[in-house]
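Starting from the given sequences, assemble the full structure and let the hints guide the process.
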Amino acid sequence: MGLFDFFRKEKHYEKKSSTNIQVNDKLHELGKDIETQRQGFLELSEICLNESNKSKLAEFIETLKDHTGDEEYITTLNYVIDWLYQEGNYFIICLDWKQEITSLTHAVNHTLTENFNQQIELPKQEDYGPKASVSYDNVLKDFDKAISKIGFQLSFMDTNSDQYVVVVHKIEDRDKAKNAIQKIGYGCLGSNSRKLSG
Numbered sequence: 188m189g190l191f192d193f194f195r196k197e198k199h200y201e202k203k204s205s206t207n208i209q210v211n212d213k214l215h216e217l218g219k220d221i222e223t224q225r226q227g228f229l230e231l232s233e234i235c236l237n238e239s240n241k242s243k244l245a246e247f248i249e250t251l252k253d254h255t256g257d258e259e260y261i262t263t264l265n266y267v268i269d270w271l272y273q274e275g276n277y278f279i280i281c282l283d284w285k286q287e288i289t290s291l292t293h294a295v296n297h298t299l300t301e302n303f304n305q306q307i308e309l310p311k312q313e314d315y316g317p318k319a320s321v322s323y324d325n326v327l328k329d330f331d332k333a334i335s336k337i338g339f340q341l342s343f344m345d346t347n348s349d350q351y352v353v354v355v356h357k358i359e360d361r362d363k364a365k366n367a368i369q370k371i372g373y374g375c376l377g378s379n380s381r382k383l384s385g
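The opening position of the sequence shown corresponds to residue 188 in this note's numbering, with each subsequent residue numbered one higher.
The hints are simulated quantities; they were obtained by calculation from the structure and are not laboratory data. Hints should not be assumed to be uniformly reliable.
[As the list claims (entries may be wrong)] The calculated lysine-lysine pairs, modelled on DSBU-like cross-linking and capped at a C-alpha distance of 35 Å, are: (1) K285 - K252; (2) K318 - K365; (3) K332 - K318; (4) K382 - K336; (5) K243 - K363; (6) K241 - K252; (7) K363 - K252; (8) K332 - K365; (9) K285 - K336; (10) K328 - K382; (11) K241 - K285; (12) K336 - K311; (13) K241 - K382.
[To be verified] Estimated spans, in silico, between C-beta atoms of each pair: (14) D314 - W270: 27 to 37 Å; (15) E238 - K365: 37 to 47 Å; (16) T223 - Q306: 30 to 40 Å; (17) E238 - K382: 31 to 41 Å; (18) D314 - E246: 17 to 27 Å; (19) T250 - I307: 13 to 23 Å; (20) A319 - T250: 18 to 28 Å; (21) K336 - E258: 40 to 50 Å; (22) D329 - G275: 23 to 33 Å; (23) D314 - K382: 31 to 41 Å; (24) T223 - E313: 23 to 33 Å; (25) G275 - Q305: 11 to 21 Å; (26) D362 - W270: 36 to 46 Å.
Here a beta-carbon is modelled for each residue, glycine too, at the ideal position from N, C-alpha and C.
Now the structure itself:
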């Protein structure tokens, strides 16, 4: 089994279930037109992707249509994540709240290695117990703390769903990440946000 077979085994967002990524109406006003959303995705890619992955995504974003309200995808973000996963690009990590911690470990490791040529020891499933999931107490904070040692952080898109949609970027790019995520149509949360733990 390959490193990312867990992504292919099951979709990390069921397109027609109640756990779909929803658009926050107030924030979506910022990203309601597709041009603003495209700009947000491009700005996010500038701080999260290596040069090769940036240019591939830019080609895709150039023709991106708005999928808000689409029967299959519900949001443009869902459509983009689906395309990224098909391309083997996991810079926007989407995890169900009950997913194994191993999935987060692999995804963050892959992103750090692929896009930033960085490696670090990350928390493991056995640190929390065999039945612990990514929503287990302190998991997200522990991952954020681990990568902060090499100057990185996790930023979460506030999708109003029971999933975590997260990107890895340099701490110094926090404001850029927040602005890009708002243009896509979502709020930006840090690992200490009560909304993520509650």
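Range hint compliance [Cβ, T223 to Q306, 30 to 40 Å]: Roughly 35 Å apart at Cβ, these two residues keep to the hinted range, so it holds.
Return holds or violated for the Cβ distance of K336 and E258 against the range 40 to 50 Å. 44 Å, holds
Check the hint pairing K336 with K311 against an upper bound of 35 Å on the C-alpha distance. Judged against 35 Å, a Cα distance of about 17 Å means the pair holds.
Just tell me: holds or violated, for the beta carbon distance of T223 and E313 against 23 to 33 Å? 43 Å, violated
Range agreement (Cβ of W270 with Cβ of D314, hint 27 to 37 Å): 33 Å, holds
Between the alpha carbons of K241 and K252, is the straight-line distance 35 Å or under? Distance of about 19 Å is within 35 Å: holds.
Quickly compare the C-alpha distance for K332 and K318 to 35 Å and report which way the hint goes. 22 Å, holds
Is 31 to 41 Å right for how far apart the beta carbons of D314 and K382 are? With Cβ atoms ~24 Å apart, the hint is violated.
Per the hint of 23 to 33 Å, is the separation of the Cβ atoms of D329 and G275 within bounds? Cβ of D329 to Cβ of G275: about 27 Å, so the range 23 to 33 Å holds.
Please work out if K285 and K252 have their alpha carbons no farther apart than 35 Å. With Cα atoms ~31 Å apart, K285 and K252 stay inside 35 Å; holds.
Tell me if the straight-line CA distance from K241 to K285 falls inside 35 Å. 31 Å, holds
Does K318 pair with K365 here, judged by a C-alpha cut-off of 35 Å? Given pair K318, K365 holds - Cα atoms ~32 Å apart, limit 35 Å.
Against the hints set out earlier in the document, violations occur for numbers 15, 18, 19, 20, 23, 24 and 26.
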